[in-house]
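Participant: If you want the building blocks of each chain, they are given just below.
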Amino acid sequence: MAQVDVRLVDVTKTYGSDVRAVDGISLDVLDGEFFSLLGPSGCGKTTTLRMIGGFEEPTSGRIELQGEEVTWLPPHRRNVNTVFQNYALFPHLSIRENVAFGLRRRKVADAEVRTRVAEMLELVELSALADRKPGQISGGQAQRVALARALVNRPAVLLLDEPLGALDLRLRKQMQIELKRIQVEVGITFIYVTHDQEEAMTMSDRIAVMNHGRYEQLGAPAEIYERPSTRFVAGFLGASNLLPGTVVGAEGDHVAVRLDLGPIVRLPAAAIAGRSRVDVGVRPEKIRLGSAGAATPGVNAIPGHIQDLSYTGVSTQYRVALADGHLVTAYAQNIARADGGASALPGAEVLVEWDPADAFAVDPLPAGTEPATDPVTGAPIE
Amino acid sequence: MFAWLRRHPSATAYLLLAPGILYLALFYVWPTVGMFLVSLETGTIQTGYTQSWNFGVYPQVLGEYWGDFLNSILYGGAATLATFAIGFPLAWFVAFRGGRYKTLLLFLIIAPFFTSFILRTISWKIILADNGFLLGTLKDLGLLPDETRILATPVAVIAGITYNFLPFMTLPLYVALEKIPPSVLEAAQDLYADPLSRLRRVTLPLAMPGVIAGSLLTFIPAVGDFVNAELLGNPRTTMIGNVIQARFLKVSDYPTGAALAFILMAAILTGVLVYARLAGTEELYGARAG
Numbered sequence: 001m002a003q004v005d006v007r008l009v010d011v012t013k014t015y016g017s018d019v020r021a022v023d024g025i026s027l028d029v030l031d032g033e034f035f036s037l038l039g040p041s042g043c044g045k046t047t048t049l050r051m052i053g054g055f056e057e058p059t060s061g062r063i064e065l066q067g068e069e070v071t072w073l074p075p076h077r078r079n080v081n082t083v084f085q086n087y088a089l090f091p092h093l094s095i096r097e098n099v100a101f102g103l104r105r106r107k108v109a110d111a112e113v114r115t116r117v118a119e120m121l122e123l124v125e126l127s128a129l130a131d132r133k134p135g136q137i138s139g140g141q142a143q144r145v146a147l148a149r150a151l152v153n154r155p156a157v158l159l160l161d162e163p164l165g166a167l168d169l170r171l172r173k174q175m176q177i178e179l180k181r182i183q184v185e186v187g188i189t190f191i192y193v194t195h196d197q198e199e200a201m202t203m204s205d206r207i208a209v210m211n212h213g214r215y216e217q218l219g220a221p222a223e224i225y226e227r228p229s230t231r232f233v234a235g236f237l238g239a240s241n242l243l244p245g246t247v248v249g250a251e252g253d254h255v256a257v258r259l260d261l262g263p264i265v266r267l268p269a270a271a272i273a274g275r276s277r278v279d280v281g282v283r284p285e286k287i288r289l290g291s292a293g294a295a296t297p298g299v300n301a302i303p304g305h306i307q308d309l310s311y312t313g314v315s316t317q318y319r320v321a322l323a324d325g326h327l328v329t330a331y332a333q334n335i336a337r338a339d340g341g342a343s344a345l346p347g348a349e350v351l352v353e354w355d356p357a358d359a360f361a362v363d364p365l366p367a368g369t370e371p372a373t374d375p376v377t378g379a380p381i382e
Numbered sequence: 001m002f003a004w005l006r007r008h009p010s011a012t013a014y015l016l017l018a019p020g021i022l023y024l025a026l027f028y029v030w031p032t033v034g035m036f037l038v039s040l041e042t043g044t045i046q047t048g049y050t051q052s053w054n055f056g057v058y059p060q061v062l063g064e065y066w067g068d069f070l071n072s073i074l075y076g077g078a079a080t081l082a083t084f085a086i087g088f089p090l091a092w093f094v095a096f097r098g099g100r101y102k103t104l105l106l107f108l109i110i111a112p113f114f115t116s117f118i119l120r121t122i123s124w125k126i127i128l129a130d131n132g133f134l135l136g137t138l139k140d141l142g143l144l145p146d147e148t149r150i151l152a153t154p155v156a157v158i159a160g161i162t163y164n165f166l167p168f169m170t171l172p173l174y175v176a177l178e179k180i181p182p183s184v185l186e187a188a189q190d191l192y193a194d195p196l197s198r199l200r201r202v203t204l205p206l207a208m209p210g211v212i213a214g215s216l217l218t219f220i221p222a223v224g225d226f227v228n229a230e231l232l233g234n235p236r237t238t239m240i241g242n243v244i245q246a247r248f249l250k251v252s253d254y255p256t257g258a259a260l261a262f263i264l265m266a267a268i269l270t271g272v273l274v275y276a277r278l279a280g281t282e283e284l285y286g287a288r289a290g
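Chains as they are written, first to last, in the working numbering: chain A, 1 to 382; chain B, 1 to 290.
Be aware that one or more of the hints could be misleading.
As the list claims (entries may be wrong) - To give an idea of the interface, some chain B residues facing chain A are shown, with a C-beta separation under 8 Å as derived from the structure: (1) Gln189; (2) Tyr192; (3) Leu206.
Claimed, not checked - Partial pick of chain A residues on the chain B-facing surface, computed with a CB cut under 8 Å: (4) Trp72; (5) His76; (6) Thr82; (7) Asn86; (8) Ala88; (9) Ser94; (10) Arg106; (11) Ala109; (12) Ala111.
In short, the hints are calculated from the structure, not lab data.
Here a beta-carbon is modelled for each residue, glycine too, at the ideal position from N, C-alpha and C.
Work the whole structure out from these sequences, hints included.
Facilitator: See the structure below:
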């Protein structure tokens, strides 16, 4: 078991009397881990990060850094460094002096400062720009300076607050790979705040998906993608089809669920976790569209007809209308050259099929509420 | 007319500048030239003045009044330092801790301007009087010996100038401090800077345009001031402004007054240019790359 670098114990932050920005978060971040706090704006992820950095004080709870309590320690006395959202470089100092700032405040010997700064500029490939001022470099370069300025201090933990938010898409993709490379190279624990699920999945070892001041699920990217435990997680990470149903029986390690629209489907018993009413979830890319009347044995199958489709090159997105009008989204990889076969035309009768092991279950909506989900993204409509 | 302007686009710019140029020519260049000519005249108020190109007046008045020049620069310089010492913490507080009271606090800083300059300076006479509010209380408490006095000393003159020019220092400082992004200060904190080195390494360097603007706005008029020395000083604390005023309005010795005014102007211009060269013109104009 790796050592715990950052531990939050029941950390709460309230503003005024009724705004709970962070609502009782407890979690452990392990040494050397790339840990992401993922969630929509206002979910409390940045506040959580700022409390770890020391810029905000929790209303209650405890924060530990490598086993020592730091809850009330000011930022300049914590062994953590932050990469700020807008970089926050010192405009009056050269790139070199920006990177050297932390070492100089710690009274590191001049010769060592010079070697370490040079090494760090090398790592982020900015040696050539060392004498420029922050006003004379591009956004992507400023981002790397901010990273170098923090990493050169060899902190126990590096905090990153949406550091790629201001970059364009292409540069962002490139920086994601770069960030992960640097993290592996320096072996420092990263805590990364983002609202971009793809970004979090690309880089993280573990992700905490946050909503309303707490995290709804914490786990490895594949785990939370394949087995989302709540409706919010299912909708926030990728697209999901959710079909309400009632548990009607069990056979071995599988459970049978009668969907409200008629058919019975099977799920792993572990996914049901003892509930009697669930929404059965299945990701669009897990669905195969089979020919009507020719169900594959051992596979869940629901009849429907293709409402519409959109060809996106690498795949085709189908929307299939079920008997009760429910729309199910399915992605089909275009492995063979698409020739627009008869089964793929709008109006065609098909079977929506998926392997029982590929499904998950989340709590149903409270009785009386319409299951208002976006049929394409599967995200809850609010 | 408009068709002609369309064919000569650069003429439009000059036409738009014309009122400003006319104003400067009429109320600045012409009087300056006139004043320079007056400084070279000789004569008395009784016999009248005649142009005699008497350049000798310059070394003559400089020799005669160098003590007053020295007083001016000393008092003006001390007052500038004092306004900075008071104005910087004040501006810092308003910019970073003012919160929703910022506007009110800024209003309070300029509120004294709503009362006459002379009136405010006279009230300092009452405050600094030998047995006035300030000294009287301290003497009654036994904290100061009975013979202590401030009024009619250089200290009173400097205090008066400091008080009167404080807003000219505080407001540019406030503007410069206000522009510093909070995240940059947080970054300094994050990189182990304690409050003192944060101030020295980040806040102060980033506030430099305000420091320079504020010190020029304070020092230049303070050197030429005569009201504070007149009301709060004694005959030995006269500043050059007092002499110029007396030459023009009391003795009617126009050439001497004009020559002194020119020497003062030249001295200040030289001083400002040296200052700008030392501090960097970038900061003087407040224009710098983000």
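Participant: All the hints need checking, so say for each whether the structure fits it.
Facilitator: Going down the list of hints, with the structure as the test:
no., hint, verdict
1, Gln189, "holds, 4 Å"
2, Tyr192, "holds, 4 Å"
3, Leu206, "holds, 6 Å"
4, Trp72, "violated, 15 Å"
5, His76, "holds, 5 Å"
6, Thr82, "holds, 5 Å"
7, Asn86, "holds, 6 Å"
8, Ala88, "holds, 4 Å"
9, Ser94, "violated, 12 Å"
10, Arg106, "holds, 5 Å"
11, Ala109, "violated, 16 Å"
12, Ala111, "violated, 19 Å"
In summary, the numbered hints that this structure violates are 4, 9, 11 and 12.
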